[in-house]
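Protein chains in written order, with our numbering: chain A, 1 to 414; chain B, 415 to 701; chain C, 702 to 957; chain D, 958 to 1289.
Derived by calculation from the structure, the hints in this document are not laboratory data.
Be a bit skeptical, because a hint or two may be false.
[To be verified] What follows is a set of in silico ranges between Cβ atoms, one per label pair, in the way DEER data are often shown:
no.: 1; chain 1: A; residue 1: Lys73; chain 2: B; residue 2: Arg443; range: 56 to 66 Å
no.: 2; chain 1: A; residue 1: Gly229; chain 2: C; residue 2: Asp711; range: 56 to 66 Å
no.: 3; chain 1: C; residue 1: Ala820; chain 2: D; residue 2: Leu1047; range: 19 to 29 Å
no.: 4; chain 1: B; residue 1: Gly697; chain 2: C; residue 2: Gly755; range: 51 to 61 Å
no.: 5; chain 1: C; residue 1: Val836; chain 2: D; residue 2: Leu1039; range: 47 to 57 Å
no.: 6; chain 1: B; residue 1: Ala578; chain 2: C; residue 2: Ala820; range: 21 to 31 Å
no.: 7; chain 1: D; residue 1: Ile1125; chain 2: A; residue 2: Asp98; range: 47 to 57 Å
no.: 8; chain 1: B; residue 1: Arg443; chain 2: C; residue 2: Lys792; range: 54 to 64 Å
no.: 9; chain 1: B; residue 1: Val564; chain 2: A; residue 2: Asp297; range: 52 to 62 Å
no.: 10; chain 1: B; residue 1: Val564; chain 2: C; residue 2: Asp711; range: 45 to 55 Å
no.: 11; chain 1: C; residue 1: Lys792; chain 2: B; residue 2: Asp570; range: 48 to 58 Å
no.: 12; chain 1: A; residue 1: Gly410; chain 2: D; residue 2: Arg960; range: 54 to 64 Å
[Claimed, not checked] With a straight-line Cα cutoff of 20 Å, these simulated EDC-like cross-link-like pairs (lysine to aspartate or glutamate) come out:
no.: 13; chain 1: C; residue 1: Lys775; chain 2: D; residue 2: Asp1162
no.: 14; chain 1: C; residue 1: Lys766; chain 2: C; residue 2: Glu753
no.: 15; chain 1: C; residue 1: Lys792; chain 2: D; residue 2: Glu1154
no.: 16; chain 1: C; residue 1: Lys856; chain 2: D; residue 2: Asp1162
no.: 17; chain 1: C; residue 1: Lys748; chain 2: D; residue 2: Asp1152
no.: 18; chain 1: A; residue 1: Lys261; chain 2: A; residue 2: Glu351
no.: 19; chain 1: A; residue 1: Lys259; chain 2: B; residue 2: Glu593
[Said to hold, decoys possible] What the simulated footprint calls covered on chain A by chain B, stretch by stretch (three residues with Cβ under 8 Å from a Cβ of chain B suffice, anywhere in the stretch; the number is not a length):
no.: 20; segment: 232 to 245
no.: 21; segment: 273 to 279
In this text, a Cβ means the ideal position worked out from N, Cα and C, and glycines have one as well.
So the chains spell out like this:
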Amino acid sequence: MRLNRRHFLTTTAAGIGALAMPGILRAAQGDTVRIGLITTLSGPGQLYGNYIKDGSEIAVERLNAAGGVNGSKIELVVRDDKNSPEGAVTAFRELTGDGIKLFAQGTFTANLLGTLPLLEEADVTMMMVGASALALTHEAYNPRAFRLGFSSPMCFGGYGNLMAQKHPEIEKWAMLRSDVTALADITNAFSNGLKAEKVKAGRTVEILDPVLVPYGGADFRNQISNIIGSGAPGLFNVLQGADAISYYKQARTFGLDQKFKVLCDSANEFAIAKAMGANTPASLWSWTGWYPAANKDNAVSDEVHKAYIKLRGDEYPNWYIGVSHDSILTIANAVQKAGSMEAAKLIPTIETEAPQGALGKIHFRKEDHGFAGDLTYIRFGRDDKNANGWSVFETAQLPGAEFLERATPGSKLN
Amino acid sequence: MFTLVNGLTTGMAVFLVAAGLTLVFGIMRILNFAHGAFFMIGAYVASSLVGSAPRSVLALIAAAVVAALVVGVLGIVVQRFILRRIQHVDEHYMLIATFAVMLVCVGFVKLVWGLEFLSVDPPPGIDAGVEIAGLFIPSFSLFIIASGIVVFLVLDFVIHRAWAGKMITAIARDGWMAELLGINVPAGIMAAVGGSFALAGLAGGLLLPNQTLSPALGDSFLLLAFITVVIGGLGNVRGAFIAAILLGVIDGLNTMFLPAYPGVVVYFAMVAFLLLWPNGILGESRL
Amino acid sequence: MTIIRLSSVDKSYGSLKVLHGVDAEISEGETFAIIGPNGAGKTTLFKVMTGEIGCEAGSVEFLGKDVTRDPAYKRTRAGMGRTFQVARVFKEMTAEENLIVAVEARLQNTGKSDAPWYAVKPSSATLDEVHSILVRLSLDKKARTPASELSHGDKKRLELGITLAGRPKVLMLDEPTAGMSPSDRVGVTELIRDISGKGSGLTVVMTEHDMGVIFGLADRIMVMNQGRKIAQGSIEEIRANPVVREVYLGKEAHHA
Amino acid sequence: MNRLSTYLLVALAAILLLLPLWANSGLVFLTGTTIIVAVFALSWNLLFGYAGLASFGSGGLFSIGAYTMAVMLRQGYEGQFLLLIVLATLAGGVVAFAIGFVALRRSTGIFLAILTLALAELLRITLAKIHWLGAEDGIPSIVRPTFSIGFATVDLSRGNSYYWFVCIACALLVGLTWWIAHGRFGRTLRTIRLDVERAAFMGVDTHRYRLVAFTISGAIAACAGALFAPWAQIVTPDIGNMMRSTQPILFTLLGGASSFWGPLIGAFLFSAIEFSTRTLVGIQEIITGGILLAVVLMFPTGVAGAWNALIAGLSARPEPAKAAPALQPVKE
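The shape of chain A in the complex, shown without the other chains (with noise of 0.2 Å):
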């Protein structure tokens, strides 16, 4: 990633102007609509908040250049979480305290349990950005607060179901994750999903316990020789980030391509070809949030993903950015309608509402006010004909909606 200077610049310049006019922001609240954005600015989520303070600054910009909120711009308030609950709710309450009432918050889980039981205090209006935890619509679930995210369920069960489908010779599968106890709902989705397809095509499959990894480590080799000395045919990783590069690249000179029919990535889609160019796995499956290419129909898709590579030059845009994007889009669309931003109207406005987004028609499920889009998954690996050295070889779309999981609001998905 290049810096943009003129990006840094204007966040530093505004950021100064801050600190010595401490009224500043009370100033500009006349006529706009601010809404909050609370996300991951330092520490090792960074990475995946800056992608969300970019979809949603595209958005901003987007909805802003074709006039705004019922005649009002709309000014995105960014602050840092600092990586810990503690942070976002001194973030939510600094920015409810000056009047803030829409809000988009997201990365990780725990700071989002930290301010959805301070939503009420405040009447807001939450959108929790790409979230995937069960908890947030189970048992910490808020009828203020939408999960515009992939619920674990549904995208991995999704995932497992499509496995099965394509691979229906495989019976016989490992699972590898992180030492990270909230990533088993991703291990056991797969493995439901992989079921479910299985039994209902009359075959039987095995499925491994995972193997264990711990969290940000840096030699993965005896995981690695455990895995391969399985002897199972499909592999589902659930590492994250630089552990998945790191495993990847160790695995490749135990010849990880040759020991595996399928490969399955559970969600690092791009990152793990782009940084590992000419030497990705030779075929490597991944859920995405967002893939451009595979919403060729969609206009909105198309634009967000234009104004990506005019803002950092990068053709393959994470799906955070349209996943971002969309719900200040949803938040925007709401006040429009309602013509209000008390919650009591925004609400129901945004759950019969289902404005056109990146990801499609952005709809809620109105018991649990989770969402319910399509699935996509994408088949990329090393290809020498192309100049970055990898291609994208084949997508495919489930329908999220067959896999979302029951609802129960308020209570412990069992």
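Fit chains B, C and D to the supplied structure of chain A, relying on the hints for placement.
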């Protein structure tokens, strides 16, 4: 058996990082929080030189050496303009200063190289594996093990045999006396400090193909390196070498016998070691 | 009456044996000096007596009780007070505070702490005692001076004061005049004589290099060489002892 | 303490108490957090600045207090809130005592630091694995309790009442720590930091004093954690991570370890820096690191040290003026 080879690989990787850390302690009596960040900068510098696919093993080593030089110079700058100024105050301020340097380094890396992951492949020649006695071993593992042993032998020779080491030892033990003997103390310290920091850069370069580059890279090794340095005895390179191997093997056995709790046994081992040998297995060394 | 008894004490540092079966008896009220050339084992023997280090064999008795395994603080509580070769005082505290903590430590150890549990300030009795010690050490004008700013001689005095505040039965002085100017040396010698004078009942054990100081203070002298006791007796006896003349005065005559 | 500093302290306390009446709620929340971590830092400095022991795992004790409180409130014991604080404090004290009992005799200095660091990391990893405690996502939606104290009912769930409760509780803790640090016990502890052997030769059982200090420090850290749980209304295993354990170290050294008030000054200074640079997103590390470096290079004795030197300089100035009264032009 395979676990042992892997353990050795991990151990040597950790030793490469820990060597500089323990030397800096031996010379300046500080636990350098910025060591992981220097390691990371070394890796990023080397990656900028070789690109994502180094042409040969030599190219990788050359890049590592350049990275070592860059980080060494950076280290001297930090020592000259920051650490030396507060040397006489309270050692704990050195701690806070290295912590601050770490933060600045991480911020700097984010600005220069961005947040996206970078990956460098093992160069041809060490990107495959070899079979030894029916055991498949990645040749890059052998490269890491060899690098670790070479770095250890060179350091051990320099410290215990060569004139330079004796000079540094003299300075570390008694700066005043060393000056009396006609040793240029500031220059000696400068060289030793530069050398110790350079080791972080060298490790960054050599381990480049081992893992992924991200601004969090420094953290992944720092804690293990700290543990190694402490278990081995602060400032004691031989101790660090042994401790690194022990930790690597313990971690390997951990994944073999207790796969549900990866990376946990190392902490228990450390607590046990510290209670059994409170001064490290080979004792503290003032170089 | 014997106040300290050492019986065949052995001590090694690694493979180097520094004490070989040393015996000694120190009587109540006397001033007992341990002398010997550098490396004779004086300081090691001193540390074994005070409990700073243990010994491999032999025993240390204090006031008729075996204290070989007791740590330093227990021996201090039993009545051993000690000063160091290089004066050790609490540098960040003032001279007065140094003595306050020492007096309070004694009161606490003897269960006679007179300040109520909630009190922050030291009791007035404590402050009075501190003041009287300061006067006795001629440090009363420097009561509020941080100890780090005191002169070398004043630090020695203050350290002696800290030790005295513990009201010891035995005063253990490790080279009390080391590194002092001649005038300071005379002052400290006077002070020690004043403290340990007849009637005070105080026993003094000291190591010292300066023969003038030893001859001015000691009742009995023990001479060590290479980790062994080679002689013991009054000043006259030691002066007359041929072995001592040979190994000690003979070699070190130019020194003394 | 000199008079000017006392006035400043009283003024600051008044500002803190009145803060919710005029300030933005984010600032109030941050201030409440700062008050709690400042007390936490104070507990650490009781160990470091007085007993001469540096723990790198104090975050673990903070975490124990926070989790104890969170679990008990979740189990519905909010009516006994004051007792819960005592319980959490005791829990921290007991754990600290156990660790100190085993570790202090064997290791001090950097070894103790690393040992405590490892123990805190082990605790964090363990907490992240326990489903009953919410694993990585912790325990959310912690209630701010309502309880009765015999003659009246205290409702801390409304508005800023918990903020004031935190203010009062922390003031009591600061007072308690001040009393411990300045009384006979604190004086004796200081001698242990300054020269442990010399202290032993005053008859002080240094090991026992250190163990008691370790226990008290752990208990206060856990008490701060217990206050924090209902304040943040969520606890996660990261509440006791390495960053948490370095917090008191940073605050103390920034503020000045040799001053009792140093950790408090450091905590507020650090928060002020963070809050005033909150809009400069993306370059937070460089800003924080740069400011820390600047402070360390400019005030190597901490802010409190610099302040005291300034005060000493100010009060010393009139003297030469007396010596040469007429001719000296006053330069200010």
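Query raised in the report: Going through the earlier hints one by one, which of them does the structure break, listed in rising order?
Result: 4, 6, 7, 8, 11, 16, 18, 19
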